[in-house]
Amino acid sequence: MVRFKNRYLLCELVLEKDCLVYPIEQKEVYYVVRQAIERCHGDYGAGVTQGGMNVKYLNVYTKTVLIRVRREYYKLLWSSIPFIKSIGRQKLFFHSLHIGGTIRSCQKFLVKYGQQQLAVLLQKCKTQEERKAVQRATIHCTWLKGRNFENVKHNEDDDFSD
Amino acid sequence: MAKFHDLNVPYTTDVKTFKQILKKSIELGYEVVAVNHVVTSLAKKDAVKEAPAHVPLDDEILAPLKVKAKTFRQLSRLTVTLKDTQTYRLGSGPAQSYDILAIQPTSEKAFQLACTQLEIDIISINMTEKLPFPIRLPPVKAAIERGVHFEITYAPAIRDTTARRNIISNALSLYFMCKGKNVILSSDVENAMEVRGPYDVANLGFLFGLNEAQSKDAVSMNCRSVVLHAETRRNTAKAALSVTKVTDVAEKHKWKVRENRAAMPTVGDGDKDKSSDSSQDDDTDSDADDHHVKKKKRKLKT
Chain A
20 MVRFKNRYLL
30 CELVLEKDCL
40 VYPIEQKEVY
50 YVVRQAIERC
60 HGDYGAGVTQ
70 GGMNVKYLNV
80 YTKTVLIRVR
90 REYYKLLWSS
100 IPFIKSIGRQ
110 KLFFHSLHIG
120 GTIRSCQKFL
130 VKYGQQQLAV
140 LLQKCKTQEE
150 RKAVQRATIH
160 CTWLKGRNFE
170 NVKHNEDDDF
180 SD
Chain B
55 MAKFHDLNVP
65 YTTDVKTFKQ
75 ILKKSIELGY
85 EVVAVNHVVT
95 SLAKKDAVKE
105 APAHVPLDDE
115 ILAPLKVKAK
125 TFRQLSRLTV
135 TLKDTQTYRL
145 GSGPAQSYDI
155 LAIQPTSEKA
165 FQLACTQLEI
175 DIISINMTEK
185 LPFPIRLPPV
195 KAAIERGVHF
205 EITYAPAIRD
215 TTARRNIISN
225 ALSLYFMCKG
235 KNVILSSDVE
245 NAMEVRGPYD
255 VANLGFLFGL
265 NEAQSKDAVS
275 MNCRSVVLHA
285 ETRRNTAKAA
295 LSVTKVTDVA
305 EKHKWKVREN
315 RAAMPTVGDG
325 DKDKSSDSSQ
335 DDDTDSDADD
345 HHVKKKKRKL
355 KT
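Protein sequence lines correspond, in order, to chains A and B.
Residue numbering for the first sequence follows the numbering used here, beginning at 20 and increasing consecutively.
Residue numbering for the second sequence follows the numbering used here, beginning at 55 and increasing consecutively.
Calculated directly from the structure, the hints in this document are not laboratory data.
Keep in mind that a hint or two might mislead.
[Said to hold, decoys possible] Listed next, the in silico DSS-like pairs over lysine-lysine satisfying Cα-Cα at most 30 angstroms (straight line):
#	chain 1	residue 1	chain 2	residue 2
1	A	LYS94	B	LYS103
2	B	LYS137	B	LYS195
3	B	LYS233	A	LYS94
4	A	LYS145	B	LYS73
5	B	LYS137	A	LYS36
6	B	LYS120	A	LYS82
7	A	LYS110	A	LYS46
8	B	LYS233	A	LYS145
9	A	LYS127	B	LYS233
10	B	LYS122	A	LYS151
11	B	LYS124	A	LYS143
12	B	LYS77	A	LYS131
13	A	LYS94	A	LYS143
14	B	LYS99	A	LYS36
15	B	LYS306	A	LYS104
[Stated by the list, open to error] Facing chain A, from chain B, some residues (calculated, C-beta under 7 angstroms):
#	residue
16	HIS108
17	PHE126
18	LEU191
19	TRP309
Don't be surprised by glycine CBs; every beta carbon is placed ideally from N, CA and C.
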């Protein structure tokens with residue numbers, strides 16, 4: 020059976036000055052990436068990605084982007100991504116996290132990555148309240164699927180710090 | 055999994071920018087960074103200064119690595135722009151206090167010398183402009199045999215379009231000679247926004263002619279080879295023997311120090327496997343009063 024095989028590139032937008040929400044639209048990201056491919060690989064790159072490239076997912080809070088591209092041409096995309104310096108006036112660059120064959124594999128990676136980032140955030144916490152909030156978030160996202168965590172009591176006196 | 059190295063972070067006196075660059079590198083996943091000091095001419099007596107101390111990083115910057123139980127390593131690197139063949143300052147003195155030595159040859163003679171004779175680790179050709187000399191096969195082959203690596207920097211390609219074209223063209227002419235062996239990719243960034251993650255940099259290898267395995271090696275294994283080559287060049291005598299100060303000995307090797315052995319349970323004849331290959335006629339333990347020097351034997355690599 021003939022099937023279009025794709026590669027999904029999961030990237031994080033790293034801004035110069037980190038902000039909570041970076042209000043950007045999918046089509047802006049698409050145009051910037053397309054421009055970078057054109058500059059790097061010329062008309063051939065533009066032609067190849069015109070049909071096969073698409074920005075599938077964008078999260079403005081975690082600044083995560085998921086770009087789909089045809090499997091044969093993912094290298095063209097991936098080798099042009101480092102040359103992106105800004106979107107509009109905002110200086111930023113793309114940090115590629117994972118490349119997968121399906122959206123699901125990228126999602127699985129994103130879950131693990133999110134947990135790692137929470138651990139890093141815990142290290143950077145300065146007040147006890149921040150620390151407790153991050154710990155609560157970590158516990159919530161490590162619950163296994165299907166578990167009903169509404170029945171579990173959270174004891175406020177529990178001290179998780181060591 | 056090999057660590058990701060970035061062996062060319064230019065040194066700036068602006069500590070804030072420098073720390074930002076290191077912070078970004080750590081966030082993106084680099085574990086070993088070499089701070090590069092460039093010296094443009096060896097003519098003056100004090101052209102090369104002693105390697106400055108490492109920049110201390112606070113816990114917040116090191117957090118991403120701490121979480122994965124990894125450590126960050128800062129090395130010092132000296133790059134000398136070599137035009138003619140006067141290299142006497144490289145052999146001793148301040149130049150040897152740097153962890154890694156690199157040469158940027160600007161003439162064919164200097165390139166030939168760097169590839170075949172000089173005791174260096176990296177040959178870094180300035181690829182942003184037209185090459186001042188053609189890269190030929192015999193010196194490149196000799197360099198590969200000696201373990202010297204060639205460096206391609208990517209930040210100039212991000213900054214400027216003409217530089218990008220020149221870098222790609224020069225990198226390809228290097229690739230045709232070296233077939234992708236002994237190539238390292240490094241940054242040469244001016245500010246924190248030019249750093250790119252290791253996987254992105256490895257994919258730039260695709261533009262420079264490297265295949266997938268070679269490009270990944272260019273950011274990890276080959277850089278590790280450079281660091282080991284530099285250590286062998288500096289600390290060992292004939293690549294078989296190395297000297298470590300007693301205070302610098304790592305925790306797992308502490309049993310080798312004679313003074314510590316009284317406190318530890320006997321493990322049998324620990325001395326025997328040390329004296330099998332190399333001669334131990336001169337005992338350097340009684341060298342100076344305030345510091346002891348301990349011979350640490352390295353097994354010859356086959």
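Here is how each hint holds up against the structure:
1. A:LYS94 - B:LYS103: violated, 43 angstroms
2. B:LYS137 - B:LYS195: holds, 21 angstroms
3. B:LYS233 - A:LYS94: holds, 20 angstroms
4. A:LYS145 - B:LYS73: Holds, because 20 angstroms separates the two Cα atoms, which is no more than 30 angstroms.
5. B:LYS137 - A:LYS36: violated, 42 angstroms
6. B:LYS120 - A:LYS82: Roughly 23 angstroms between the alpha carbons, so the hint for LYS120 (chain B) and LYS82 (chain A) holds.
7. A:LYS110 - A:LYS46: Judged against 30 angstroms, a Cα distance of about 17 angstroms means the pair holds.
8. B:LYS233 - A:LYS145: violated, 51 angstroms
9. A:LYS127 - B:LYS233: Status violated; Cα separation ~37 angstroms.
10. B:LYS122 - A:LYS151: Measuring from Cα to Cα gives roughly 21 angstroms; hence the hint holds.
11. B:LYS124 - A:LYS143: Roughly 17 angstroms between the alpha carbons, so the hint for LYS124 (chain B) and LYS143 (chain A) holds.
12. B:LYS77 - A:LYS131: Roughly 22 angstroms separates the two Cα atoms, so the pair holds.
13. A:LYS94 - A:LYS143: violated, 36 angstroms
14. B:LYS99 - A:LYS36: violated, 43 angstroms
15. B:LYS306 - A:LYS104: violated, 45 angstroms
16. HIS108: Nearest chain A Cβ about 21 angstroms off; hint violated.
17. PHE126: Violated: closest Cβ of chain A sits about 14 angstroms from PHE126 (chain B), beyond 7 angstroms.
18. LEU191: At 27 angstroms from the nearest chain A Cβ, LEU191 (chain B) fails the 7 angstroms test, so the hint is violated.
19. TRP309: violated, 30 angstroms
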